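Single-letter residue listing:
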Amino acid sequence: MIGDALHRSTIADLSRLLSAREVSAVELAHLYLNRIDAHRDLNAFLDVRPEVTLAQAAAADARLACGDATPLTGIPVAHKDIFVTRDFASTAGSRMLAGYMSPFDAAVVENLGAAGMVTLGKLNCDEFAMGSSNENSAYGNVLNPWDKSAVPGGSSGGSSAAVAARIAPVATATDTGGSIREPAAFTGITGTKPTYGRPSRWGMIAFASSLDTAGLMTGSAEDAALVLNAMVGFDARDSTSIDRPPEDYTRSLAQPLNGMRIGVPGEFFGAGLAADVESAIRTALDTYRGLGATLVDISLPNAELGIPVYYVVAPAECSSNLSRFDGVRYGHRAKNYSDLTDMIKKSRAEGLGPEPKRRILIGAYVLSHGYYDAYYIKAQQVRRLIADEFREAFRLCDVIAGPVTTSVAFGFGEKAADPVSMYMSDLYTIPGSLAGIPSMSIPCGFGAHQRPVGLQLMANYFDEARMLNAAHQYQLATDWHRLVPPGF
Amino acid sequence: MSLSLADVARIAHLARIEITATEADRTLAQLNDIFSMIEKMQAVDTTGIEPMAHPLGGHQRLREDLVTETGRRETSLANAPAQRDGLFLVPKVIE
Numbered sequence: 030m031i032g033d034a035l036h037r038s039t040i041a042d043l044s045r046l047l048s049a050r051e052v053s054a055v056e057l058a059h060l061y062l063n064r065i066d067a068h069r070d071l072n073a074f075l076d077v078r079p080e081v082t083l084a085q086a087a088a089a090d091a092r093l094a095c096g097d098a099t100p101l102t103g104i105p106v107a108h109k110d111i112f113v114t115r116d117f118a119s120t121a122g123s124r125m126l127a128g129y130m131s132p133f134d135a136a137v138v139e140n141l142g143a144a145g146m147v148t149l150g151k152l153n154c155d156e157f158a159m160g161s162s163n164e165n166s167a168y169g170n171v172l173n174p175w176d177k178s179a180v181p182g183g184s185s186g187g188s189s190a191a192v193a194a195r196i197a198p199v200a201t202a203t204d205t206g207g208s209i210r211e212p213a214a215f216t217g218i219t220g221t222k223p224t225y226g227r228p229s230r231w232g233m234i235a236f237a238s239s240l241d242t243a244g245l246m247t248g249s250a251e252d253a254a255l256v257l258n259a260m261v262g263f264d265a266r267d268s269t270s271i272d273r274p275p276e277d278y279t280r281s282l283a284q285p286l287n288g289m290r291i292g293v294p295g296e297f298f299g300a301g302l303a304a305d306v307e308s309a310i311r312t313a314l315d316t317y318r319g320l321g322a323t324l325v326d327i328s329l330p331n332a333e334l335g336i337p338v339y340y341v342v343a344p345a346e347c348s349s350n351l352s353r354f355d356g357v358r359y360g361h362r363a364k365n366y367s368d369l370t371d372m373i374k375k376s377r378a379e380g381l382g383p384e385p386k387r388r389i390l391i392g393a394y395v396l397s398h399g400y401y402d403a404y405y406i407k408a409q410q411v412r413r414l415i416a417d418e419f420r421e422a423f424r425l426c427d428v429i430a431g432p433v434t435t436s437v438a439f440g441f442g443e444k445a446a447d448p449v450s451m452y453m454s455d456l457y458t459i460p461g462s463l464a465g466i467p468s469m470s471i472p473c474g475f476g477a478h479q480r481p482v483g484l485q486l487m488a489n490y491f492d493e494a495r496m497l498n499a500a501h502q503y504q505l506a507t508d509w510h511r512l513v514p515p516g517f
Numbered sequence: 347m348s349l350s351l352a353d354v355a356r357i358a359h360l361a362r363i364e365i366t367a368t369e370a371d372r373t374l375a376q377l378n379d380i381f382s383m384i385e386k387m388q389a390v391d392t393t394g395i396e397p398m399a400h401p402l403g404g405h406q407r408l409r410e411d412l413v414t415e416t417g418r419r420e421t422s423l424a425n426a427p428a429q430r431d432g433l434f435l436v437p438k439v440i441e
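Protein sequence lines, in the order shown, are assigned to chains A and Y. If you use our numbering, the first sequence corresponds to residues 30 to 517, in order. If you use our numbering, the second sequence corresponds to residues 347 to 441, in order.
Since the hints were derived computationally from the structure, they do not count as laboratory data. Every clue listed holds true.
Here are the simulated DSBU-like cross-link-like pairs (lysine-lysine), alpha carbons at most 30 Å apart as the crow flies:
{"no.": "1", "chain 1": "Y", "residue 1": "386", "chain 2": "A", "residue 2": "444"}
{"no.": "2", "chain 1": "A", "residue 1": "386", "chain 2": "A", "residue 2": "364"}
{"no.": "3", "chain 1": "Y", "residue 1": "438", "chain 2": "A", "residue 2": "364"}
{"no.": "4", "chain 1": "A", "residue 1": "386", "chain 2": "Y", "residue 2": "438"}
{"no.": "5", "chain 1": "A", "residue 1": "177", "chain 2": "A", "residue 2": "444"}
{"no.": "6", "chain 1": "A", "residue 1": "386", "chain 2": "Y", "residue 2": "386"}
Since we're looking at a predicted model, the values are computed, not measured.
My request is simple: use the sequences and hints to build the entire structure.
Shown next, in the form of structure tokens:
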């Protein structure tokens, strides 16, 4: 019944096995808990509580037995530690929130739980989701299952490593400037960021509120569509949640690509793009042509200004959001201080790591008197230019395709000492984040050191189904998404 | 433009983060690198462009001003570093 390769099954397969009662939710929970334990060296998980997981699995089996199940009932899922959870600690990868137990579950956690999914635990990430390599976690590096000397990407590095290693069949993640797509590309899995505002931000520990978007790490586009169906939806508790009727993200998966126009932005193939990545991307574009799609040259002239714009907007919002960590209501409080202000200053100095501090300081500066117009307003104006270019581009094409990253996964320590070079990791992902459009990364080959390459697909607002269609048809024609790192 | 050590001290105070002299030195160099990268956006002409605060434009939805969550005192206090009699404790601020 439980074969050697069950952990490599897709969610669609696991769902069929569960509903046929060929495997139970409790058996699946044991299988993945054992794998998590066997691969602790990856440091992907920050909190695992088998008694909680097994109780949820038993409840899922009861639902399956009485015919009250959804297609996701009994499927295990792990959550990025940015989503607060009642039954597991929620730290955001920060010392500030060590041991924090939330009084409530995030909306995304709630929705997936209501569908009957079983929580395996909480996943490591860059502190407050700030980083591109997971090296900013207060709880240590996460290893890339393809090459343990390489970073798993960030900030959703625990999510990417866990799904790549098949120690979780699906993981939640969050993307503010590329934190789903870049780690998915670095670990050879499918990472999906829906339209901004489509999933609820309620219970997602806030970094940059006009950018933060919940999404998924999965083994395939089909799996992403299945889980998105249960994950997204209007939520009155999130003031930027979009009130639109639910939709079935699997509805277009099977459509052939004949006639689909795929836009290729010239700006994404400039001097900064490594030859090994470019070669894999060009081959993927050829595959699309073979599948009947038409490639269209498009231009996003201001996309390269995404990084400067992002490093004004995101820190400004971060400095505001992280002001809540004052050592009064929750979080770290310094032991020795002279008065209230000193207590707050010392608590923040001790509880926050270097990257959040850097971004808080940038944000405090760009929002301060005399600089607000020159930085914050200017950045918001350029942000609109970038978003408008995407709107124009989508008159000419249905989906945009290009690289996710300039290179394959880099090594530990390679960029850690130089923030600007680390920030450049998100050159191709930030423009879509600023616009708020759906985008994803799907594996499309390997580059230097046999490290994975990701193909980025982007679609117009609310056009996730078409983007997933393009991804799924590519995955029907190729095997990259089925490859699992040796030893996993 | 470039920041000075005094700027770093000022914004660290605004952000309520204690910063040592060594940290301020290192931070100054990093912030100046970051701001010289940010400067690139100043070259774009944005005359008449409306600032974009939110991807989908429009206004933020307001809800009715109603009490929606009650009886949460215990759980809300459970994570407080110091609490007593249902209150968060802070150092004395009024003599």
